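Go by the hints and put chains B and C onto chain A.
Protein chains in written order, with the numbering used here: chain A, 1 to 225; chain B, 1001 to 1222; chain C, 2001 to 2265.
For the record, the hints were derived by calculation from the structure and aren't laboratory data. Just so you know, these numbers come straight off a predicted model, no measurement behind them. C-beta atoms are modelled at their ideal positions from N, C-alpha and C, and glycine is treated no differently. Each statement offered as a hint is correct.
Cβ pair distances, simulated, as ranges:
#, chain 1, residue 1, chain 2, residue 2, range
1, C, P2174, A, K127, 51 to 61 Å
2, C, D2238, B, A1088, 28 to 38 Å
3, C, L2146, A, A131, 34 to 44 Å
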Amino acid sequence: MDSVVHLRAAVSLLGRFPALAGVDLDVAPSEIVLVRGPNGAGKTTLLRLCAGLAHLSSGEAVVLGCDLADDPKAVRARVGLLGHATALYDDLTVIDNVRFWARAAGARSADTEEAIEQLGLGGRLAKVPVARLSAGQRRRAALAILVARRPELWLLDEPHAGLDATGRDLVDDLVRRAAAAGATVLIASHELDRAVPLAQRTVTIVGGRVQPEASPVSPEAVRVP
Amino acid sequence: MFRDAALIAGKDLRIEARSRVATNQIAPFALLVLILFAFALDPDRGILTRATAGLFWVTVLFCTLLAVQRAFSIESADGNRDALRLTALDPAGIFLGKAAAIALELLGLEVLLLLGVVVLYDASLDSAGLLILTALAATAGLASAGTLYGVLAAGLRVRETLLPLLLLPVVAPVLIGSTRAFEAALSGSPSDGWPWVGLLSVFALVYLALGLVAFGPLLEES
Amino acid sequence: MMDQQAETTISAASVTTTGTKATRALGIVCLAGTALLVFLGLIGTPEDEVQRDTVRILYIHAPAAWVAYLAFGVTALASVFYLWKRTRSLTWDRIAGASAEIGVLFTAITLATGMIWGHLSWGVYWTWDARLTTTALLFVLFLGYLALRRMPADPHVRAKRAAILGIIAFIDVPIVHQSVEWWRTLHQDATVLRRDLQVQIEGTMLFTLFLGFVVFTLIYAWLLLHRTRIAVMEDALDEHGLELALEERRAEGVPDGAPEGLATT
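Bound conformation, chain A alone (with noise of 0.2 Å):
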């Protein structure tokens, strides 16, 4: 499999809920990807299967060679998931959080302290407890966790949501970097004028199928009930 990500007919369950109801995907290395989508389509279940977290009911999935049907947990460490929700503890500073999430996920410590540098944690804002920073500085501190790690497949869910415009630009930025580095990026994205530009491919999903490439419908025509 060249592929980093390889899905065939992937069916995901939460609780009876069909989240993902037979997905096809392929991505290839250094790609850049964003997937889009109706919200309740799929794109989150999409982006935490391909971490290893939700579970392959039926169907094929390959990532970064694992096969997540046998043990998705191998996959896991080398996926770095930016969430919608940012685990951090609310009464620790934004160093330790980072520090503490980036170790654990083994990252070196040298990583870990460029990428607070890079996102922009350090200074008078490292010494603040969590549970006082806005969200978008959250987000950053999330940003910088996964930055740390340089996991070989990158999976974003609404990386732009929160974020000022320097933000958003940091994001873009780190993204493309990390794809030259060698990195692969699936983000998932309703930010549709920030997000197109950066991908290299789009794809489709709704109702937890990813739509044919030359569909004649575009998804937002779609209204879901």
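Chains B and C in isolation, oriented as in the chain A frame:
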């Protein structure tokens, strides 16, 4: 595994140092319970002194509930469980780290409570060796069982009411053993107490083993 | 690991009752056995020398206690089979849950009959001996287990959580029993209340007691079969709901040939 445990324990203790929940809330609560017992049982008739061992350990059990609840409520942030699963941490190490942090907090509370019973219940502390070893073995058991049941109940909206129901019956042997050992120590016949320390140690080892094995699978469900 | 939803392939329509020829036969045997037990217990056996008629409650108390512990053992064993990858199946989870429900019932019966017996014989409802105390704790452990099963979750998630709890709680029972045993033997003045061990059982009394064990075990089996089948039917109903959800999900993804609610421009 031990490095992961140290990382987690360090994180938990650092959170405690910043938020001071154990020192500002649980410790006063513990003293409060000792005082309430005095209200309930007439302090003038020597009941408190005779019942010191039992009252001490019942108070420790209450503190264990609070400490375990706290240890898991810091992990209840949205996405926290996912984040833990995505790290390279050994789940057994996470278990060990959390249990170690809880155990250290409990030991601190126990020292405070010992001072409390000396002052409030007029207890005299003999056989320090027996007291200390009992406390270590009992605390190890409480922390292990507490962490295991804590993750079992974690993420459930009724965690506050479910955890006591699940945990307290299970630690009943710890209550029996530690109380008997303390009684032996406080009444000056420590030789009666050592077999109980053995029971406490067995309990601690059993629950340590169970926790190391079961924590991973329990963390896995999402 | 592919999903095990497929194993509940019984469609809701095909199973309308939990009774089969086997369970009906078993049921009849249980009824007959119970009738015999009642007859022997109340009429057919003599009084005990010391306890006179109150000993008759033993014919219910002891078998109920046996079933309570048996049920817990079955729950633990089923939990192990559920967790073991090679035999993983929701059937084991259903058996574990059903057994726990029956177990809590029989534990309550054991405690109630124990208390009645204690009151009639020695004027006290409760003695803190190892067996009674452990049984009381068993009751609470069961209730905790059932409370955990009530938490809404994905069936496999809930099954795994319950299975782990079932095993841990089971391991706890002998530890508790031993602790209480050691604790109570320290108290010599409890011997007057340990007379329940000195009931002389022989002849027809022994046979009746033995019959009690057999009949209660059969009743347990009958209840377990029925309760497990009800659980299967409940899951089949859920399965049906899943089929519908899958249909709707697929419909979402097809913009032309739109079902109601989808609009195209």
